[in-house]
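Counting from 0, one number per residue, gives the positions in the sequence shown under numbering that gives the first Met the number 0.
A hint or two may mislead.
What the hints assert, rightly or not - BS3-like mimics (lysine-lysine), calculated; alpha carbons at most 25 Å apart, straight line:
1. K51 with K226
2. K81 with K152
3. K64 with K144
4. K226 with K146
5. K108 with K144
6. K211 with K64
7. K152 with K108
8. K152 with K55
9. K152 with K69
10. K163 with K152
11. K152 with K226
12. K226 with K108
Said to hold, decoys possible - Label pairs and their computed distance ranges (CB to CB):
13. T33 with E75: 50 to 58 Å
14. T221 with N184: 51 to 59 Å
15. K55 with P188: 25 to 33 Å
16. R84 with Q133: 21 to 29 Å
17. G89 with V186: 16 to 24 Å
18. S218 with Y150: 56 to 64 Å
19. S230 with E75: 21 to 29 Å
20. D233 with Q94: 27 to 35 Å
21. K64 with G89: 45 to 53 Å
22. E59 with D192: 18 to 26 Å
23. T54 with K144: 36 to 44 Å
24. E75 with T223: 47 to 55 Å
Quick caveat, the hints were computed from the structure, so don't treat them as lab data.
Just so it is clear, CB atoms sit at the ideal spot from N, CA and C, and this is done for glycine as well.
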Amino acid sequence: MKKLLCLFVILSLSSCAELQDIASQLPQGGYGITNTEIATGLRQALDFGIDKQVTKLTQEDGFFKNELVKITLPSELQKVDKTLRDIGLGNLADQGLRVLNRAAEDAVKEATPIFVNAVREITFNDARTILLGQDDAATQYLVGKTKSQLYDKFSPVITNSLDKVGANQIWSNIIERYNSIPLTNNVNPDLSDYVTSEALDGVYTMIAVEEKEIRNDISARTTTLLKRVFSLQD
């Protein structure tokens, strides 16, 4: 009864500081599950998110036809897109948008192992607080711990992918056409930086989708460990 009352108090707290303080005081063997098992379960959930959801992003149109992560044009290029369509170059504008997404799809194939390694950095010291957090708490933990490092590793992959799918050549043509139009201001966007940031956000978004499903849908907990661990936050 005391254990159930303790869990009720934790789940009813709104303060993150209080949550962390209470969670840290839970015994390692509380509810029959150790901190090590909880950390392993969280890693497993994130690994499933990478395997099930992020893998979808590597397929053709994995970004382009997924409204959750589709890379649209930055504000600087939206006027380029509109102007091209206004003068009858809609096909060129469509092609430019598609190749940005193709670069992200291509890059994720190379970058997935980076995310897999990053998942292993979750420690059991943070495990209970993450478990009792929001629907995307594990994903946000991963973002906070890895995004800067992953950007540095992901950026050259995106740059190579932009060349590989012909995006740089296509956009050079688009921007040259646009800059030659009278009364327009020249643009020269950093496509590599933009696509890198958007691709990273897309990957984290899809990991969060899987985490939320495992947290809220008991049938999505496909292993004994996931069932045991995530029953604590039900």
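Here's how the hints hold up against the structure:
| no. | hint | verdict |
| --- | --- | --- |
| 1 | K51 with K226 | holds, 18 Å |
| 2 | K81 with K152 | violated, 33 Å |
| 3 | K64 with K144 | violated, 29 Å |
| 4 | K226 with K146 | violated, 29 Å |
| 5 | K108 with K144 | holds, 21 Å |
| 6 | K211 with K64 | holds, 21 Å |
| 7 | K152 with K108 | holds, 13 Å |
| 8 | K152 with K55 | holds, 21 Å |
| 9 | K152 with K69 | holds, 21 Å |
| 10 | K163 with K152 | holds, 17 Å |
| 11 | K152 with K226 | violated, 34 Å |
| 12 | K226 with K108 | violated, 30 Å |
| 13 | T33 with E75: 50 to 58 Å | holds, 51 Å |
| 14 | T221 with N184: 51 to 59 Å | holds, 54 Å |
| 15 | K55 with P188: 25 to 33 Å | holds, 27 Å |
| 16 | R84 with Q133: 21 to 29 Å | violated, 40 Å |
| 17 | G89 with V186: 16 to 24 Å | holds, 18 Å |
| 18 | S218 with Y150: 56 to 64 Å | violated, 35 Å |
| 19 | S230 with E75: 21 to 29 Å | violated, 48 Å |
| 20 | D233 with Q94: 27 to 35 Å | violated, 48 Å |
| 21 | K64 with G89: 45 to 53 Å | violated, 19 Å |
| 22 | E59 with D192: 18 to 26 Å | holds, 24 Å |
| 23 | T54 with K144: 36 to 44 Å | violated, 22 Å |
| 24 | E75 with T223: 47 to 55 Å | holds, 51 Å |
Checked against the numbered hints above, the structure breaks hints 2, 3, 4, 11, 12, 16, 18, 19, 20, 21, 23 and satisfies the rest.
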